[in-house]
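There are 2 protein chains.
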Amino acid sequence: MDISNNESALIITHKNRTIFKHSAQNPSLFLGVGEANYDMYRGNFDITDYVTERLPLRQYTVEETGDKTVITFNFDGQPAIKMLLSETAESRLKAEFEALDPKYNRFWFRVAATEDEKVYGCGEQLTYFNLRGKNFPLWSSEPGVGRNKDSYVTWLADTKDKAGGDYYNTNYPQPTFVSDKKYFCHLETTAYADFDFTNDEFHELQCWNIPEYLLLDAEESFPSLVENITGVFGRQPELPDWVTNGVILGIQGGTEITLEKIEAAKAAGVEVAGAWCQDWQGIKMTSFGKRLQWDWQWNKELYPELDTKIHQLKEEGVRFLGYINPYVLEDFPLYNEAAEKGYLATKQDGSKYVVDFGEFYCGVVDFTNPDACEWYKGVIKTNMIDFGLDGWMGDFGEYLPTDCSLSNGVSAEIEHNKWPYRWAKVQHEAIEEAGKTDDILFFMRAGGTGIQGNCHTLWGGDQLVDWCIDDGLASVIPAALSSGLMGNGIHHSDIGGYTTLHGCKRSKELFQRWAEMAAFTPIMRSHEGNRPGDNHQFDTDAETLAHLARMTKIFKHLKPYIKAASKENSERGMPVQRPLFMHYENDTEAYEIKFQYLFGRDLLVAPVYNQGEEVKKVYLPEDEWVHVWSGKTFTGGWIEVDAPIGQPAVFYRKASKDVELLSQIAAI
Amino acid sequence: MDISNNESALIITHKNRTIFKHSAQNPSLFLGVGEANYDMYRGNFDITDYVTERLPLRQYTVEETGDKTVITFNFDGQPAIKMLLSETAESRLKAEFEALDPKYNRFWFRVAATEDEKVYGCGEQLTYFNLRGKNFPLWSSEPGVGRNKDSYVTWLADTKDKAGGDYYNTNYPQPTFVSDKKYFCHLETTAYADFDFTNDEFHELQCWNIPEYLLLDAEESFPSLVENITGVFGRQPELPDWVTNGVILGIQGGTEITLEKIEAAKAAGVEVAGAWCQDWQGIKMTSFGKRLQWDWQWNKELYPELDTKIHQLKEEGVRFLGYINPYVLEDFPLYNEAAEKGYLATKQDGSKYVVDFGEFYCGVVDFTNPDACEWYKGVIKTNMIDFGLDGWMGDFGEYLPTDCSLSNGVSAEIEHNKWPYRWAKVQHEAIEEAGKTDDILFFMRAGGTGIQGNCHTLWGGDQLVDWCIDDGLASVIPAALSSGLMGNGIHHSDIGGYTTLHGCKRSKELFQRWAEMAAFTPIMRSHEGNRPGDNHQFDTDAETLAHLARMTKIFKHLKPYIKAASKENSERGMPVQRPLFMHYENDTEAYEIKFQYLFGRDLLVAPVYNQGEEVKKVYLPEDEWVHVWSGKTFTGGWIEVDAPIGQPAVFYRKASKDVELLSQIAAI
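Protein sequences appear in the order of chains A and B.
Read in order, the letters of the first sequence correspond to residues 1 to 668 in full-length UniProt numbering.
Read in order, the letters of the second sequence correspond to residues 1 to 668 in full-length UniProt numbering.
Keep in mind the hints are simulated off the structure, nothing from the lab.
Be careful, since some hints might not be right.
Copies of the same chain are indistinguishable here, so a pair counts whether it falls within one copy or spans any two.
To be verified - For lysine-lysine, the following DSSO-like pairs were computed, each having C-alpha atoms within a straight-line distance of at most 27 angstroms:
| id | residue 1 | residue 2 |
| --- | --- | --- |
| 1 | K436 | K567 |
| 2 | K567 | K314 |
| 3 | K134 | K309 |
| 4 | K103 | K21 |
| 5 | K149 | K505 |
If we strip away everything but chain A, and leave its shape as in the complex, we get (with noise of 0.2 angstroms):
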């Protein structure tokens, strides 16, 4: 770190990269007030700002004290602000913010930026991967159905349940971002966030509370800056071996239908890892679809004989998936307990709180009480591990309402964006106390800052049943890319999709492409959609099956090699779906690729995402790719090859140490 402060101008850089660039003409930190409004339906937020006050701190003194450099911003003659300057052990710069006034709760800050600079991350990001040129907020909410104003689907979504979303609504939001500097750079709030990319000459990051610090170093290549990164944020621990032993079918309706889909899809040669039961715990029917039980224990009567079959499937191979969120359903027993214990998230004035999930009301399991963290664990080890589940989708965590009241006394705001990690934390602690950290599988949509040493896997959420690039299968790509960048190393998503409105059907041809796309992710698991019925599902047909049983030998193949890239992920923060420009940093084009990733080292996957196509074009970096089903070998640049049904467009590296496994895929 080197701080100079000449004629005024005040100019702070770390490992040769100019970071802030601050002088009275032209300040680059901001304070002032707002006042915020949340507007919540369903886990979509209608967020408006009135900022009343935008101060720009021009004058500033600093000053050396011990290990740190504290410069003091003031404002109309007053210290408003300190930043306390340090290089951490591991020399990581380190920007902490002490507000000396503590009216203000906004606070803006420019990072100094070049023009053709690029950035990338915030979480997980459905649309944009390269995010120069647009603002994103960072506010955890449902991602949105569409997710464009301009399509049809959005409009509807938002008229009918103001739910259309926009390109920059995630589950998964974090006020960390990555630039093609190699350079990371965090700003460490749980507040609402919006960092802005469409300056040329800043990122200017906003935040709705004064952060408690900005984080920032630079790396030589993007492999060690995400080894840097989780090294801050933390890694997800190995996949439990069984999960590359095939798919995880999506399955509902009760045990006989769960054991006959086995049986069925078992015989048709599918290789069947597990079965996901998101129904385990019963069923609510609601105009949205089939909607679940949320009482998070074995629901005796559509799931009869579940607690021997459960252990019959695991010795046959075929591990049992359930579901639970931190929510419980209103008047049920585990929301009775909770009630009665002072468990739930109140109103301000400490009566009943509940929220609306679509026709049916929940308590919010208060996470900032330790007691309800340790009964809520309880409620997982007990109900479902010592149950026999080896794995659940840990759904929500978005819909903290920001007028709740909570256990440790911070507002609601504050903690909305944390309730990710915090339900994350939740479920890991109960694995691991339950000895079963390298066995049991969970995955969550929703994410934030931390999230990456206590959530296991992600899934990208609720995509459309759909072709649409911001809400369909192609939008699953860029969310693992910024999120693996992030140290999510581990991403998958529902195989064909899931959110089946407005008009939307799962076509065979999605289903398909969806599964080619899966059988080249750490993970493979279907889901029906919330209208299973509207759906083309895997056992649809003969030809579906035989399909889908031709991409879990595939995927079962590449075990050895997806099982080393977990294992990288684990121990480095090495993403398993990596961008282009992980390994190949001087390929210009490779920055803009979103579309595209590596799996691992050395397969280069083009999934294709767009309907009746069956030529690709797909753009290779500098190096000798083969195709993996013509056998041709590419040596970069933009090309084209045949990709019908089941031939995605996928490519090894000929220089792969695994090239004798890599080249037997086509003869799968």
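Position chain B relative to chain A; hints supplied.
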């Protein structure tokens, strides 16, 4: 005016209204710095502002200097802006502003409010009449197609043409509001402004420059208030006598068709005051529909013998009206002449600037150049008035691009909102210089401060040929009422609406309901719409002709009543269409009635604006009201009357001095 400056709080009152409450703790004046971005597509603007500074001016000093009280507001120890308070000769409160630092280009001023206060005006507002609870961006633009983000038509218009608009979009914004506390408040600026009425304790007036002054006055009654307002902004002249002789038929297609249609209408009993042929100077076909050839001279091919027929028609009692706007079609004679003389707006480097009007391009006549104004007045006098036109639509005025260069050196951002005024003034002066103010009718949709004294009548712009509340028949009523309160007392609309797009086609019922409303406005004028073939027209069938005939007879019957109202408007600014509270100020319900109006003093009109509605629910302020068709008397409150086609819900006041005339309506 009273200025109290006690205990560091500054309170300004005028005629017992508290206008301004300011203290260091609760400042009511803010200055700032912003960078606006204006993106125009065919008159639809996408405007964003990046406010980098918003500074509360907490400290102030008060000084008496001659006839003004000077309040200097300081920021950071430096004087930032002066407010010079005085009473004008007419005893209005005037607060002039003088910037003391040129860097400030954003201004926020809080007018003290009470929680239950209601406000009106802001130019011509089509969705809301009482503006409280919303903010109103004030920028002249296309008004939008659909104007409601929840409507499918709006979505289609947005995605296809960026043209959907929203509740605040208007051709005629004006930074002036009227309070139910019987005061008006005007901010003298033509910059982009936004009046925010969402706060309980103040109205926040924002503009994107330092305004010249704020002007405010209060009266004891609403009639006195509109007289005061029009004392500031000017008053419209009286309607030409011939206008109330019948309907002005919107006809296109040439001399023969026009004469035929006039004859047929007259034969069916329609009282015809004029024929309005917007294509008198020729047409262009575009995908939008039939468009006009913007070269502003008689087109002999389309209108053969018009030079003689126009006089014959006049002798037969039918005036001929044309069309003009402030743009000249690229490469046509007027364009070439203007370009050669340097009368067109240019790019910043002085090179050619043409504006996209939808598949054709035009030059913008530079009305900041007095010579250009004289030239355009000459065009109007020679090509239109001397040719024999007795009126025209003075279309457009909202498209001044913000990045063009103008003769007077003022930024086009500042000139944009002034352009409708400049355009009106050119037309008004041309007519005045021709000595025809009392005989020529011209009507505009665009407007702004000062239009009142120059534009002889407004029409409500381009409604959808549809029943939708925000952009159909209903929307014309708040438009008339709000612009009327600003001093534009003569307002009317296209009978049947105009915009025929996105599947909207005008039905017979809509045409008839609109004609019924028009009979109770100061001008009856029909329009074929942009796609005449898709619309029901006045002569589509005999029943429609007969219905229109009756409505024109009623209108003509009301001639003396309407003329008296028009005279009152020209003399005292009393609008012909008035909100109920104008004469019933103690009736609290009256302040929320936006789809009914008083037509003159003694008629109450509640147009049917819903499809299929045959019974109309009407609110009557306390008085004796006689239902025109049944003769039944009502004394006030919410009532219901039959309102089949041909019997719009209209009531006259029993105490009217015109009771004889009004009681005869039913017999027509």
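- Could you check the structure against the hints above and give me the numbers of any it violates, in ascending order? 3
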